[in-house]
Amino acid sequence: MDKNQEESVDSTAELRKTKQHLNLVLKLADITAARVDTDLRHTWVNDQGPNSISDPEALGKRDDELFPPDIAEPTLELKKAVLETGEPVTRKVTFQKPTGDRIYNIRAEPMRDSEGNIKGVMQAAVDTTDEHRQQQQLSVATRMLRHNLRNRVTTLLGQAEMLDEHLSTLPDSDRLRALQDVLETLDGEVETRDVDSPRTSDLHARLVEAKRLAEDLSDLSESNVSDMSKTIRQVTNRLYNVTEKVDHFLILADSGTSYDRTQGTELRPTIEAVQEEVTQANPDAEISIQGPLDTTVLAPSNELRIGLLELVENAIAHNDQPSPTVEIRVRTQDTGRTLVEVVDDGPGLPEHEARVIEDTVEAPLEHGSGMGLWLAQWVSLKNGGPLQIDSTDQGGTVVSLTLATDND
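Start counting the sequence shown at -17; every next residue gets the next number (the working numbering).
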């Protein structure tokens, strides 16, 4: 055997080993992969996957020659879209099988030659049925929790309003003291009369009871009942805010697998909508916008709204100024990232709130706060990079969402 033949044998052995490794990786990852030419006929499949078909069975055939229509039609449509647009396509597809419906996340990408011409399509499918069902169960449980919590919050708010109404009917402290003085005078006069008289004794007993009631009313009036009512409202409003956080959590969880993150979203509509929403809820706050708002990022608008809304509301909530000032600032970077910064003039971010960025889960659970930052961190990580926190020269805080820029 000459040198060229030896090299050929070595190359063949190496290719065989590489193929075995690839099939093993695909099998362990539970990925079904296939390659088709421009006529949508299979030129390769991974025959080691749990849901794959064998090479001899598939090669040279189209999906509609291998599978029933409910499976073949969506996969063919996916591959045709790649051939027509030259762009990757990701979709969630449900297949009906004898063991029940199975849900797959399928991604198809164009295969090109050295000159850039499309020569076929590579497709990979992952069975996400179990994850989808877990997500559904979590969604139902969370919605039930939110519903029950909101019902109780509504009840508490109603009770607080009734308490305010009752407080408004109580006499003030001056009137109660005057009443006590009158009762003391009357009781003193009664005591100077014939104490053995049944009528005098009965009148004295009634006056003693009246004085006791007046003292109770005085204690009630002079206590912090109004402060208690205010506290009830504050706690109830916090509980209501928690239900809004749950809403945001559900949106982020639901959009985790359904949104095609190759589609761009312009920043302007989302930022202006958040500015209007927060201004209506906080008329004393001043919220301004700066930067290239026409920038497009690779993130869904509903996630952008949640992340930005949480940051702006957080900035106002922790601001000790009578008229908080918040600036929403957009900055693009050469690294292909866009920063949406929320700058405030407050006293700075509390340490336990900032810990959310590092602890991700433990800090919100431990302190009962920081949920807004935690949600914003989630949005940022899903769409470009970690949340960034810095301080301004004046002592305020800059918190930035990191987003992938759409450069197309």
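By construction, these hints were calculated from the structure, which means they are not laboratory data. Please note that the accuracy of each hint is not assured.
[Claimed, not checked] The list that follows gives simulated cross-link-like pairs (lysine-lysine, BS3-like), each with its CA atoms no further than 30 Å apart:
#1 LYS364 with LYS43
#2 LYS227 with LYS43
#3 LYS74 with LYS101
#4 LYS43 with LYS74
#5 LYS62 with LYS79
#6 LYS101 with LYS43
#7 LYS79 with LYS43
#8 LYS62 with LYS74
[As the list claims (entries may be wrong)] Ranges between beta-carbon positions, derived for each pair:
#9 GLU47 with LYS79: 53 to 59 Å
#10 GLY42 with GLN116: 49 to 55 Å
#11 GLY318 with GLY377: 44 to 50 Å
#12 LEU221 with LYS79: 42 to 48 Å
#13 THR213 with LYS79: 34 to 40 Å
#14 GLY246 with LEU120: 27 to 33 Å
#15 GLN116 with LEU363: 16 to 22 Å
#16 LYS43 with ARG311: 31 to 37 Å
Quick caveat: nothing in here was measured; it's all calculated off a predicted structure. Quick reminder that beta carbons are idealized off the backbone N, C-alpha and C, glycines included.
Q: Could you check the hint for me, namely that GLY246 and LEU120 are 27 to 33 Å apart, CB to CB?
A: The hint (27 to 33 Å, Cβ to Cβ) holds, given that GLY246 and LEU120 are roughly 30 Å apart.
Q) Given the proposed pairing of LYS101 with LYS43, does the C-alpha separation stay at or below 30 Å? A) holds (16 Å)
(Q) Taking 42 to 48 Å as the stated bounds, is the beta-carbon spacing between LEU221 and LYS79 within them? (A) holds (44 Å)
Q | Satisfaction of hint between LYS74 and LYS62, Cα-Cα up to 30 Å | A | holds (16 Å)
Q. Is the Cα-Cα distance between LYS62 and LYS79 30 Å or less?
A. holds (24 Å)
**Q.** Cβ separation of GLY42 and GLN116, checked against the hinted range 49 to 55 Å
**A.** violated (39 Å)
Q) Between LYS227 and LYS43, is the straight-line Cα distance small enough, at 30 Å or below? A) Given that 30 Å is the threshold and the Cα spacing comes to 50 Å, the pair is violated.
Q: Confirm or reject the claim that GLY318 and GLY377 have a C-beta distance inside 44 to 50 Å.
A: At roughly 32 Å between Cβ atoms, GLY377 and GLY318 fall outside 44 to 50 Å, so the hint is violated.
Q) Does the alpha-carbon distance linking LYS43 and LYS74 stay inside the 30 Å limit? A) The given pair, whose Cα atoms are some 23 Å apart, holds under the 30 Å limit.
Q. How does the Cβ-Cβ distance of LYS43 and ARG311 compare with 31 to 37 Å: does it lie in that range?
A. For LYS43 and ARG311 the Cβ distance comes to about 56 Å; the hint is violated.
Q | Cβ separation of GLU47 and LYS79, checked against the hinted range 53 to 59 Å | A | violated (19 Å)
Q. Are LYS79 and LYS43 close enough, with their CA atoms no more than 30 Å apart?
A. With Cα atoms ~21 Å apart, LYS79 and LYS43 stay inside 30 Å; holds.
Violated hints, listed in ascending order, are 1, 2, 9, 10, 11, 13 and 16; each of the other numbered hints is respected by the structure.
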